[in-house]
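Line by line, the protein sequences give chains R and F.
Under our numbering, the first residue of the first sequence carries the number 1, and numbering increases by one thereafter.
Under our numbering, the first residue of the second sequence carries the number 556, and numbering increases by one thereafter.
Keep in mind that the hints are not guaranteed to be accurate.
To be verified - Distance condition first, Cα-Cα at most 30 Å in a straight line; then the derived DSS-like pairs of lysine-lysine: (1) F:766 with R:298; (2) F:766 with R:547; (3) R:553 with F:695; (4) R:402 with F:685; (5) R:298 with R:9.
Note that these hints are calculated values from the structure, not bench results.
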Amino acid sequence: MNSILTILKFDILSKIGMGRKITKQAIISLIINIFFSLVIYTVFITGLYFISAITLSGIVPIPYEYLVVTTGAAMIIETIVCTGILVKNLYYDGENELLLRFPVDGGQIFTAKAIFAFLSNFAIALFFVYPIYVIYGVMTNASIGHYFTSILMLPLITLLPFSIANLIALPVINLTNFIKNRFALILALMIILVIFGFAFYMVMLKGVLEYAQNKSPTLLTNDMRNFMRELASKVIPFNWYANIIYGDNVIVSLLIVMAITICFFTLALVTSKKTVYRIVLKSIERESEAFEIKSVEKVRPVAISLLRKEYLLIFRSLNYSFQYLAMAIAAPLMVYFCNDLASSIGDTSVGGRIIPGLTMLVVIIFITIIVSFASTAISREGNTFYLTKIIPVPYRYQIAIKLILYLVVASGSVLASCIIVGSVFGGAKYGNNVKFSDMISIFSIAEFLIVALSCMAISNDIKTPTFEVGKNGELIDANKNVSTNIIFGCFIAVFFGVFTMITSYVPIKIGSATIINDAKGSYVALLILSFIIAVSSFLKLFFRLDKRYNNIKEQ
Amino acid sequence: MLAVKELTKKYPNNDYISADNISFDLREGEIFGFLGKNGAGKSTTIKCITGIIPFDSGNVSVCGYDINKDPIRAKMNMGYVPDNHSVIEKLTGREYVNYVADLYRVSKSDRIERIRYFTNIFNLEHAIDKQIKSYSHGMKQKICIMAALIHEPKLWILDEPMMGLDPQSTADIINYMSEHSKKGNTIFFSSHNLDIVKKICHRVGIVNAGKLEKIIELENNQANQSALEEEFFRITGGGLKRNTLTYPSANTTSTNSSDLEN
């Protein structure tokens, strides 16, 4: 028992980052993290409140259906999250190899890690599912008993997803092993996931904002209500859970829920006990298993060889592919969704002339996110940083190659964004508010900003690189350069976007002379400004670069 | 081939000088061993010579090219094997060696011939097309060596190359070092293994507390070879302590199952 508790304690402490040296920087970082987490949580709960309002206090409330759908969605999400935790924490955790050297058996490791997964799932239920039931209680004027029943429901809601996750973790591991080194497939799946996730979020947000604006529940049409009613009557076991909260057929529903839970829990326990040790060992063995590529000796120019190496390092890493390639490829569609949302709201409130400014804002924000990857250009070299010092290629040349890669990827993404936005929002449906000249101007400004932000990001990383890499040679944490560059990029995005929006309506005058009369005037001003920022960042990066690079020390 | 003159390096946050006024010259075809305790300044000196870290004063020239003034030409004539065997693990062995060969502008025919040769002598035929992350410690070391030698460098620098290698791999590397030097190339390597150094080196330098204390001729000098160990311990002071320290008694610690459980 003590061993189980020790492993569990170690797991919890390592996941929440305790036990490390408490420095002033760590405390500030913790406070900032807590602050941002609270902000995000508040935004989430507010959004949830509005979505709930549509179903619970609209023209035709559907409270029972609300409970079925939200409980069902929560349990599906919990199952997915718990499967992820089990796969990552139980089967693919590097510390398993370490733990197995000590006098603990597979069963103890499994129990400790399973308890950790259960607690994680329970926390999700507490912080995300319970507020749903509280909102339900507030909006339907439920009695005090509802809030207690809801609390008692949380372990039940957690246990079934936990048991199912234990069962499906095994096939998921086999699938993971199957696609492990199929990098193109992984990248394609990640792009689809990002686009669908973002699209779903934006559609929901649009519905909520439209409802908040004019109480017109476009998100919940009559057809949608009828669909939800039909769905709620059919989706077992979620409707049994909803019955308990709703107060309908409580005893029977509770007995059924408990019976199902016990069955699945027992099945999961028996299956896991029999297989877990073998799978943990197999996972340790497969961890170092790598793919084989029969390549031939081919002479490439130095620049191409450096570019190819940079690309392969990103492409063959799940983390880097997601952070960079998936974001860059998915960005044009995300720009479209953001523009669609912002323009529909802006159009009804201040008019369609706001669209070019909004496009500028959104495009620059996505550039910032994509280019932030350049903030770890040097740090990502990790343990092989020495190679960059010993090869007979000038440092400025190596940096120029990295810069070219970032410029090409970000430029491709911006070009696609401009084409999509121009062709969709330039049409009659949106009042022809986006013209070809707008897109050319936004693209040109964005190009200068890509150069500027990439150069700044690389400069910062040359100044303060962090070579903290994990077992797989990848950076453990994004360094502070990433957040610095994102903050700066967002500032530029807001400034450039808002400036274009304002000048579309209000001329800028100095004395009696009109300096900027419309969006075109603002484009000229912003082009000049972005050009100056780009040139100065470029010069700052390459000025005495060899000396600064030479002074970088491995840590 | 390699001329180091009054090389001095002090790390900003350290109280002591890591490389203190170090000077030596290496001849063509020579194997030079660089000896010293842990932390004596061997790796720092090597990193300064290879251009990995800047140094405070002095000069380093490789084949007549100053590492600071003409670094690209100097590096073109140098091959380096680090002590941590770090290689780009996401690439396959062949991809990695080809990548390095591109950077040193090695022709296709040369690299085909050399990769085949090294793959054969290092027994890597089965692994060369696999991703490096699946390699063992010794295999990574061998890939490092292949990459360092793919351009046939005139100066080959190795930082503790035998560390953690099996006897077969060690023998393979020793044999290749001799072979490489016979072609007129120079080898400069740091090591803790005095037996190997005695066996293959023409000369050795012993460094202590950042200073190059002594250079000893070993080639055709049986007396110096025999006295190397004694001389090493005399300079570094390590040998005396070995006999004065006592190992903690076995009965001072006890272990039982309840301790383990807690």
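Hints versus structure:
Taken as a hint, the residue 766 of chain F and residue 298 of chain R pair is broken in the structure, with Cα atoms around 45 Å apart against an allowance of 30 Å. Distance hint between residue 766 of chain F and residue 547 of chain R is fulfilled; the C-alpha atoms sit about 27 Å from each other, no more than 30 Å. Our distance criterion of 30 Å between C-alpha atoms is met by residue 553 of chain R and residue 695 of chain F, whose separation comes to about 23 Å. Of the pairs offered as hints, the one joining residue 402 of chain R and residue 685 of chain F holds, with about 26 Å between alpha carbons and a cut-off of 30 Å not exceeded.
Annotation: proposed proximity of residue 298 of chain R to residue 9 of chain R is violated, straight-line Cα distance about 52 Å (limit 30 Å).
Hint compliance for this structure: hints 1, 5 are broken, all remaining hints hold.
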